Every structure is written in structure tokens, then in C-alpha cells.
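Here the protein sequences come in this chain order: A and B. Taking the numbering used here, I'd label the letters of the first sequence as residues 1 to 977. Taking the numbering used here, I'd label the letters of the second sequence as residues 1 to 413.
Keep in mind that the hints were calculated from the coordinates and are not lab data. As the structure is a prediction and not an experimental result, all values here were calculated from the model. Fair warning: there could be bad hints in the mix.
As the list claims (entries may be wrong) - The calculated PhoX-like cross-link candidates involving lysine-lysine, where the alpha carbons are at most 20 Å apart (straight line), are:
#1 Lys276/B <-> Lys784/A
#2 Lys942/A <-> Lys48/B
#3 Lys182/B <-> Lys418/A
#4 Lys276/B <-> Lys788/A
#5 Lys205/A <-> Lys378/B
#6 Lys182/B <-> Lys165/B
What the hints assert, rightly or not - Chain B stretches covered by chain A per the calculated footprint, using a threshold of three residues with CB under 8 Å from any CB of chain A:
#7 57–65
#8 104–111
#9 272–285
#10 333–342
As the list claims (entries may be wrong) - To spell it out: a stretch of chain A is covered by chain B in this simulated footprint if at least three of its residues, at any positions, have a beta carbon under 8 Å from a beta carbon of chain B; those stretches are:
#11 699–712
#12 732–740
#13 752–760
#14 889–899
#15 925–932
Note that beta-carbon positions come from the ideal geometry of N, C-alpha and C, so glycine has one too.
Chain by chain, the residues run as shown.
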Amino acid sequence: MRIGVDIGSTTIKLAALSDDGQLLFSKYERHYSQIALKLLALLKELKEFSPHLSTAKVAVSGSAALGIADRCGLQFVQEVFAEKIATEKLQPQTDVVIELGGEDAKILFLGRHFDACMNDSCAGGTGAFIDQMAALLNVETKAMNELALAATDTCTIASRCGVFAKSDVQPLLNQGAAKTDLAASIFQAVASQAITGLAKGRPIKGSVLYLGGPLTFMSKLRDCFDAKLHVKGLCPENSLFYVAIGAALCAEETADLEALPELLRTASNVSSLAYASPLFADEEEYAAFSERHRKATVPTSPLAQATTAFLGVDSGSTTIKIALIDEECRLLASFYQSNKGNPVVAVKNYLAKLYEDYPDLKILASAATGYGEDLIRHAFGLDYGIVETMAHFFAARHLRPDVDFILDIGGQDIKCLKIHNRAIDNIFLNEACSSGCGSFLQTFAEILGYDTQTFAQLGLFAEKPVDLGSRCTVFMNSGVKQAQKDGISVNNISAGLSMSIIKNALYKVIRPGSKESIGRHIVVQGGTFLNDCVLRAFEKEMGQEVTRPNIAGLMGAFGAALHAREKYLADPKPTDTLNAMQLAAFFHKVLTVTCGLCSNHCHLTVNTFAGGRRFISGNRCERPITHCDPDDSFNLYRYKLTLLEDLRKARRPDAPLGSIGLPLGLNMYELLPFWHCLLTELGFDVVVSPIENKNIYGDGQDTIPSDTVCYPAKLMHGHIKWLLRQGLQHIFYPCMTYNVAEKGTDNCYNCPVVAYYPEVLKANIHDLSQVHCYFDYLSLNDPKILAKHLEAMLEEDFPTVERKDIRLALAKAYDAYDAYLQKVRAKGLEMMAEARRLKKPIIVMAGRPYHIDPKVDHGLDRLLTTMGAAVISEDAVAPLMPPQEVFADLHVLNQWTYHSRLYAAARYVTEHDDCQLVQFVNFGCGCDAITADECRRILEEKGRIYTQLKIDDIENLGAAKIRLRSLFSAAGLPAAD
Amino acid sequence: MTSSASWPIFTEEMRKTHTILIPDMLPLHFSLIQAVLEAAGYKAAILKNEGRQVIDAGLRYVNNDICYPAQLVIGQFIDALQSGNYDLQHVALLLSQTGGGCRASNYIYLLRKGLEKAGLTGIPVISFNVAGLEGQPGFKLTFKMARKLLAAVVYGDLLMYLTNKVRPYEKVQGAADALARKWLQSLGQNFKDSGAPSFGTLKRSCLAIAKDFATLPTKAVKKIKVGIVGEIYIKFAALGNNHLERFLQSQNCEYMLPGLLHFLIYCVDTYVVDYKLYGGRLTNYLANAAAKWYLQRLEKVMRKALAKAPFSPPSSYEETKALVKGIIGYGNNMGEGWLLTAEMLELAHHGYNNIICCQPFGCLPNHIAGRGMINRVKELADHINVIAIDYDGSASQVNQENRIKLMLATAQR
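Next up, chain A with everything else stripped away, as it sits in the complex (with noise of 0.2 Å):
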């Protein structure tokens, strides 16, 4: 008999086949990380079915089989390699197999050309994914696939990594949209992350089998996968066992079966893994520190002796946190519960039974924060809303005046708070990529088996903590792989989690300078400190000890009651929050639209209240409720791209040599005046790629070869398929190593992405093959050698064009460039002086030129219009500023020209206090590792704030939102709510 053992991420798999390769017996079970536990368990099973089975050839394979491997000395088969000769022999027909395992996506292309992808170490998601999301919507992983079947509509998650593609799921949960059509829509974009992720451009055709546990049990994932790729796939009988089968053919090496339980139990833990300290030495140690944290408690009082009462509710991402207190600021009640997908009906219960149970008390006044902050208010008649991170400030303020640092970390962010002169002096916010938070721990704690306080305790007396990187959550998985893998124990595991989540929090959203800069006085919130192995390991990393409410938890709905009640004592007007009768005809409906009022269709979600009110998310422009267009008077973004777009349309259909194509993104968002009019003067039709236009993107999202790079750069494949739709025979997109020189800098290099970036779309759009690509090595600084070497360029082609031609239309281009910068400039000191006199506050949006197309910033300029500020961009107030000045006290290298602008525009912002900076920073953009905390230096050294918004595909503006409302709240900016 030849056996093959799998031992996934999750799971483990054995299969035994007859020596002439027939399945006779398999099995599949989790393994909760107990490996050597359940493969035993496992082959006392087929002990059972072969009783007199002594020996046979065994192989394993698996991520999580090496050390098994290693330990009991057996055969180890690479499981794409197993895969690949079970599919040989079981499927031959086969071109492309497609396998989605816990943590692993694999495509493997067969034939000749034998190749393999797995997913990159950034792309986690998949299997455990998809467990990740059902808990999210609060089912079972089975009861998905149903959901996903019942879908009527799918909205749009970003595919491109499951952390990502969670901060998009969790809104819109929380705006209402329903559970059907976001099953639909994860497995999407799981789909979609698998095949764009993997293949890198190579294109998935033919024969298609889909193997691993998610697409066998999931009917609607697979077929998500035939609508993406046009085919229709198999699922075939023990697509589990696939790698188990090949495992078992590849089986070599004899092991005694009677043996083998012994090597297994006596197998000893050597790990490659670094570990740490004990969270706690003794019973003792913790509970002298459980006895110092009892001490931070909020003062109570019965609820039933209250008559008045002020209302706060925090709409979290995961949970829903409600608490009443009375004019003492003393805590009636409080109310913590899984928001189970659908806050509005917590809250309804809730409400619900408090008007039953004290029908005398009256509500004063009442607050909502939150993500889910805009829906519970317009629900419930909500007074007041506050942003949260004001309301966990004006909470921790409250219990701990002296209070000069807040870290809370909830289910799906961190927020950090710095406090000076009792008022927000700074905020950071985890990144999208970061956000491995309370949820995740959550979620970690089911994979594992547990619940997520049995988890938590499981920790506390960890002997050897597992060192497990800080990361995101989806490296944080490969960790636990290979803690797992090493046969790490859980309560190591929960100990090193805990502490992964802290330094993630330290050094990757707060990245204090030294520890002692951080704060003397911490308060630390947040349901995730409500786990002692989280605080402990904060208290350890930071040496210090620090402040823990005993309502940590409830905190954000504890400030809303703060702002509730401190409101109502300003301006004691009569309370709008539904009382019992109103709360007994409450019903609540939601709809699911595709705006139609831009080329944007954003999914909207309607959600209708009793008595006819509507609560309208989704939207990234005020249109769809004011049906009117958005004003853009105020507004330079809008106002470069109008210039661009009338450009666009300055074609010339009789033009002497015929159409060129010029794709509009990166650095042709600045130079398109330049070459437009050079192209144009020479006698070409000028046909440049549109704007507005929703699935860019995704037509070229599979011929992008690495996924790591910035989104804008993506988009590049998208506006060069556009131009070869259009037929166009020739296109100009050259490679320039060198930026227009500016003054003062010490060089002025592109960054190597939009300098090179032509030479990856030659590479890997085959098409551009059959057209005629410009693609050559140019630079604006020399005129005399860039017409050289246009000359040289156009020769071959355009014999007619001559040097003087060139000549003569580089002096117009030249000047139609600095028309153009000359126009922005202008148009920028006419709003600011607008803005000024109006007292509108600037926002200069730092970022690159490219930021200003609406598929990278979002739509998030708009966002600030209708807030209320003025919204420049960084060129326009860069040139304001003396370059000696300006780069005579930098501390970086200033050698890239569209970097160097930002840190003018920073000085700028720190010499007009009605102005602050916002800086834009694509995920994966190295360069703005160096600008950003540049920026951020300028900006502190003069007591300025730095935001930073990350954007990525990400559709969703929740993120973006919070951080430039605390901004306007902790620059005292007047918003417009």
C-alpha cells in the first residue's frame, strides 16, 4: 500500500492508495495545530480499515508537513509537485489547475511548459479568507455558498488582499447591504484575486480543474471562476485528496506503520522560531497587575433610580457598544454585543427593552460615533454625531484629565491620539494594510478552536511566547504556519499574537521615536486591551504601566454620551431620538441602486426608515442626494482635469500623419500638455485615453506581472488596452529617467516606476507587439538632444518629419507646458484669496500629479469640497516658496522633482495657519517612505499636523473619512456635517 499524508495550513488529508495506484481509503479532518495529534487519530482510522497493515511506502506533503518530515524521518514530496503528478495521472486532459487551500492559492499550469504560481506572501486570503468574511457576516463557512446563490447584485470588494477586501466588507455591512449579495461579491473577489494575483498575465485557457477544499464545497465560487475566465472547469471526484493521491504515487521510502505513532508522540519540538519572554512569571505577577488595573473604574449609578439620561451609541466595525449616563457623567447602563452583521437591529432591540423595562426615563439628548455612525443616527434620530476618534478622546479625558496619550485598538482599526494642552495634537490611523486588529485575533482564536476568551487566557502563562513578526495580519498567518508547523503549543501562539498586535500598533502606526516620547500618561482602549495578554505585552514593550478603563470596550460610546450630555447642557433643546411609540413602528428597509448620475456608478445603498426617512451610503459625491451637480469652484484637482480633458478633445481627424495614442496616467497626467502640443504641431491626431472610465483597471488588471507595484502604475495596462481597442498603430509613452529640473533640488529623478514603467507594459501586453511603440529614452532638459533623438524616433516611420519641424514644435510644446503650470498657479492663488476671504479652510492634497485622476484619489478632493475647505493642490503652492529656503534644511536626499514639491508645499502649510497639508501615498509607494516622514517633520517641528491618507483600489472612504474629520475637529476647523 502507498499512503500520502497533506498537512495544509488547516487541514489534514491522508489517502491510501492499492499498489497499482487505486484510492482505497481517505480522509480529511481540521487539525486545529494539533498535527501530530490528528494524524495519528488519523492512522489509527485506517488502522481500523486495514488491520494488517504493517508497513507501507509513506510520503507527506503539505506547508505544514516539514517538520513532521524532518522529525520522524519520512518522505517529503513539495505539494505543487504532488499535485501536479496525481493531476498527470487522474485528469491528463488537464491545461490549468486551479487549487484554493486554507492559506494557499496555486495555479498550476501543465503541459510543456510546466509552471506554477502560489500566492505571494502579501496576497493571503483564500481558504481561511473566506472563513474569515462568513464570521464576519456571522455564518457558517457552509452557508456561504447558499447565500452566495440566493445574490441579486454584487458590489465592489478590492480583491487584492483579504485585509483589504474586509475594510471594504465590514462598511457595507454596516451601511446595510445584504448578506446574499456580499457572499456573491467575496467570492468574486476572491476569484478575482486568485487569477489576477497568480497568473501574472499568463492566460488561464483550456482544460480547468479546480481542486481544494473551498471550490469543492462551494458551487458559487466555481462558478464565479468560469464567468471571470470564460470556461467551464471541473470539479472532480477527491479534489481534496489531490496532493494526498500524488503524495501517496510519489511514495518511495518504506515506513513502519507501527512505528510511526511513536516517532510521532515522542517527536520533539525544535523550532526555528524565535520567542519571548513569559507575559507573566508567576499567578502572583498577574494578580497584582490584575489588582492595579481594578482601579481604573468609571463611577455608577443604578439605572433604575435615574429619571434623565443621555444616550451614546458607537456603531463599531464588528461590534455594537451603546451606554447611558446621567448628568454626573456617572455610567447607567452600557450595552456591548456583536453587532451580527446588522447594527440597527442590536440598537432596535435594544432600545427596544429599555423603554420597556424604565418606562419613566426620559432621554435628554443623545450621540452616535462610529463607522456605522450616519446610519444609527438617521435611523434613530440620533442628535448629535461625532467623529470617533473625538468621542474615545473626550472619554479617556474625562476618567484621566492628565491623560496625554490614547492607543485604542478595536475589532478593525488602531487609533492612536496624542494629547497637548488638553486638546488632540496629533492622530494616527492603521493603514488598510495593517489592520490585523481585534477581529483578526477573533478570528485566529476560531481556526483554532476556541473562543476568543478562552483564547485570550490561554496566554497569560505562555512559557515561550512565539516571536511572530508585526506585519500585517495576512504575514501574521505565516507565522502561526510556521509556529504550527513547528508544533508550537497554543497558548504560545496566544501569547505571541497578543504581542504581534502591539507591535504592530508601536511600530507600525505610532513608530514613536523613542518609547519615552509616546507618553506618561497612557490610556489604552478599545475591546482588544479587554484581553490581559494584549495589555501586558503593551505594558512590557513600552516599560511602563498604563491606564486601562474597566469600560475599555465601551469608551467611544461612553465619549458620545459625553458629547450627548455636554450638548444638551450648552443648548438644552428638545431630544429628536425616537421615544417607545415611535420605536414600535420602526421598520427599517434596505436597497441596493448603481447610481446613474456619473460615469461612476457607485453602488448605493438605500436604506428607508418608519415615516419615510432615507439614509442614502455608498455615494462619493453629493449628487444622489442633492441632485446637484458637485461644486468645483473651490476645488484645483477638478480644475487641472478639466484643463486635461479639454485637451483630450483637441483632436484632428485630417491630421497629416495620422492618430498616435498617448495613455493618460502617471507622469503624462503633467507632461500630456507638452507632448499633446508637440505631437499635434508635428501634424499627429492625438488620441489620449479617457479619464472617466470605471474598468480601466480591470482590462488590464491580467497582464500586470507584479501586484506589489503602486495602483496608479497598474493603471497603466488598462488606458494601453483602451488605446489598442481604439486600433490605434502607434503609441507614444516614453521612458524618462530624468523629471523636469526644478530649481534648488539636488536632482530631478523620476521615481524608477514612472520612469520605466513603459518597458513592463512592453513586456508583458502582447499586443503592443503588433503596433508601433515610442517607447524610447527621453528627457525635457536638453532641447537640442531630446529633438535629436525625437528625430531618430519618428524616422523610420514618419521619414517626412524633419529636425526643424522638431525643432519648431518643441518651442511650442515647451511653451504649452508652461501655459499650463502657469494657468494651475493661478487658478490657485485666485481660490486660496477666495477661500480667505471667506474663511474657507485650504487643504493642500500633497501628492503627485497622477493623484488628481479620480480612480486614484477616490473622489476623496470632493469629499473635502463639501466639507467645506478649499482643496489646492501641491504645485500650485510648491512655486510660492524659495527653493534655498525650502531644501537648505532638509534631512533626505532631494532628488526626485514631483518629491521635492511636497516638501515645499509643506513649508508653505507651516507658514499659513489657515492652511493644512493632507499627503496622498499610494500603497507600495517606496519613495513616500523617505517624503512622508520628511513631510511629517517639517510639518511637527513648526506644532503642524500631518495627515496622511493611504489609497489604494480601495473603493471604500470610511478610513479616509475619520482621519480628515479629526483633522478639521483637532485643527478647530469649522466642518459642514
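Following the hints, position chain B against chain A.
Quick look at chain B alone, frame taken from chain A:
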């Protein structure tokens, strides 16, 4: 224009009193470089500290979004300074600065920012570069020292090539490495005892080394041949690539790394190419063209010695460069630029059909010349197997090794 005025300068006097710390990248080369510095009157130490605390120091004192090599190198410096092994009043740090559009040109600034955060502000930082980016009066790259350093690179490349060629097949385990150590000793001593080696001396030494290796007894077995390309630090430094070479040895492969000299020629060639594309100062162009000529002469010495020994020598710089003509532009020269793509093809040309492209997570130039070109490279040479592996403070070693194992598993059949 950028200010570094407030930072302590490495003065003339410090030459005698201060130990210059240098992060390791290529153990063979750097031990010779240390000898050259010592011969010139400097005190130098190559940093070998590694492990979790190095990565942690990097995470703590450097922006976490910066490239992994910067985190490692700066982490290694700060970890060493905090270890108590050095007298902080008498150390200086040396870091190479490439110049060019890559983020790497900024490492030195990041190092200063990191040191400032760690409260280590009194320590001079020396930028080692040829672009004239920062001056330090106490550290002068004299002509003699430069020639010696280049000789060290030639010897280093030669020893690296020979050990990689011979080690997998040696009859006596450890013989190749022992022989390399023996040569390092005597070459290092030569640097201290005499002036910069003349071309004649270089020729003789190279031939002697190559012949010495040719006499090592080997066995005729077939092994999988693996080529390693990638970002310069990650591909060479064991700290960066989780001891990739040790892992490949354990997997019973023959592996090959293109030498450092190619990269140096590429660096000066960059200025030659840019002059032709964009113009610039003629003197600058001439200086670099001369440097290129000199480096290529060195290359010739090494290749001839190998051929005579006899070993099949690696491709010359010009041969390697010709491999990517029409595939990627020579103007693509930030970071490793076109050379990275060319090296994949070069290695495949020499039978190293399984190529590992090592890169720091999110490395910008690698988006273009590494990952961006893999599909194209496979089109040109469909028998080769290329995998790109990301290295990062938190990427798990299991994942990395699993991918390499997959590559090896498919290579066998």
C-alpha cells in the same frame, strides 16, 4: 543643498582613533576590503551580527515602509552600537551610497535619522561613493586605495566563482572553502605588505588561485543548477536572504551568483549611457568611460585566468549586456536596472536554468527589471524556471523555502 551640517564629521584625527564599522554583504570580498582599509591606516571592522534583534532594531528606528536592506543595514549598525562591544566615542560608520534614482541613495539620511532616534547622534557617518555625494575630510579614497579595492573585488569575485563551481562536487567536504580561506589570508597580507597590485601581479595571482582550485579532487555527479539574481544586497547578504546559499547547499544544488565587478562596470556605464541619451558634462563622461575601460581590463584578467585553469569563465560585461538588446533599454538604470534582466539570461546561457530572483518586498526598480521582465525572459528562453522571492522582516522563511523547493522539484524531471 541638503543639510548635514550638524552631523559630526569624520576628521583627519579620527583615522587613528576610530574604528570604522562596515555592514557585511559579501564575506569573501569584504574581508579583503577590510585588509585594504587597514593597509591604508584605517581601523575597520566588518559587522557580522544578525538575528531577530537586528531586524527589530531596524523596525524600530527606520520607517517600516522603506526597503528591507535599509532596515537591515541600519538595524545592524544600531544593534552593534547598542551591544556594548564598541567604544561609542571611537567608532564611525561606513555605508555605500549608490547615487541614482533609486531610494537607496537615501540610505545615509535614513541612517542618520535612525541614529538620532536611537540617541546615537555623536557618531560620524561616512558615505562611500564615487558620485561625490558627501565629503568627509578624514576619509579619502586615494588612487592607490581605489586600485587595491578594485583588486579586492576581482579576487573576491574569482574566489566566489571558484568556490561556487567546485564546492558542490568536491571529494573532501569543506576543501573549497578552506582553500578560499587560505587565499584570503595571503591576499590580505599582500595588501598590507605591498602597494596596489600591478596588472602583472593580478594576472599571476588570479591564475595561481584558479589553478589551485582546479587541482581540488572532484566527483562527477549531476546536480541541479541554480542561478541567483536580484537586488544587490538581498542577493549577496545572508542576513538579507535568510541564508539562501546555505539552504541551497543543504538541498544539494550547484548555485551561481554573478560577480560584483559586473555591477561596478554597470554603475559607471550608467553615466556613459546617460551622457549619450541626455547630454551632460563631457569631463564626467570621459572620466566614466575611462573607469569603464579600466574595470573591463580587470574583468579580462580574471576571465583569462579562469579559462587557463581551466574553468569556463562567466560572460564578459559586454556579452551580458548584448543579451538584453531590444528587450529592455540601457537607459533603465536605477537600482540594478537592465543588468538584472541580463543576468537572468546570462545565467540561463551558462546552464543555470533555475533562477531565483531575490528582491526586497516592494522594491521599486525590481517591479520593472525583475518581476516586470520575467514573462519576457520566459518567452525568450522557455526552458528556464524563474521564481521571484520577496524578502522582508516578516515574510516567513517556510514560504520562501517552500517556493524554492517547488522550483527544485520541477527542475528534477
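Check, residue by residue, whether the region 752–760 of chain A contains three or more positions whose beta-carbon lies closer than 8 Å to a beta-carbon of chain B, and give the verdict.
holds (count 7)
Proximity test - 8 Å, beta-carbon atoms, the region 699–712 of chain A to chain B, at least three hits:
Contact hint for the region 699–712 of chain A vs chain B: holds, 4 residues under 8 Å.
When you check the alpha-carbon spacing of lysine 942/A and lysine 48/B, does it fall within 20 Å?
violated, 40 Å
Three residues or more, CB to CB closer than 8 Å: is that satisfied between the region 272–285 of chain B and chain A?
holds (count 4)
Assess, step by step, whether the Cα of lysine 276/B is no farther than 20 Å from the Cα of lysine 788/A, and give holds or violated.
Within the cut-off at roughly 11 Å; holds.
Check whether three or more residues of the region 104–111 of chain B sit with their beta carbon closer than 8 Å to a beta carbon of chain A.
holds (count 5)
Counting residues of the region 889–899 of chain A that have a beta-carbon nearer than 8 Å to any beta-carbon of chain B, does the count reach 3?
holds (count 8)
Outcome, coverage hint (the region 57–65 of chain B, chain A; C-beta under 8 Å; three residues):
Check passed, 5 qualifying residues.
Pair hint outcome, lysine 276/B versus lysine 784/A [Cα-Cα no greater than 20 Å]
holds, 13 Å
Does the structure keep lysine 182/B and lysine 165/B at a Cα separation of 20 Å or less?
Since the Cα atoms of lysine 182/B and lysine 165/B sit roughly 17 Å apart, the hinted pair holds (cutoff 20 Å).
For the pair supplied as a hint, lysine 205/A and lysine 378/B, is the alpha-carbon distance within the 20 Å limit?
holds, 19 Å
With a Cβ-Cβ cutoff of 8 Å, does the region 732–740 of chain A contain at least three residues near chain B?
holds (count 3)
The structure is inconsistent with the numbered hints 2, 3, although it conforms to all the rest.
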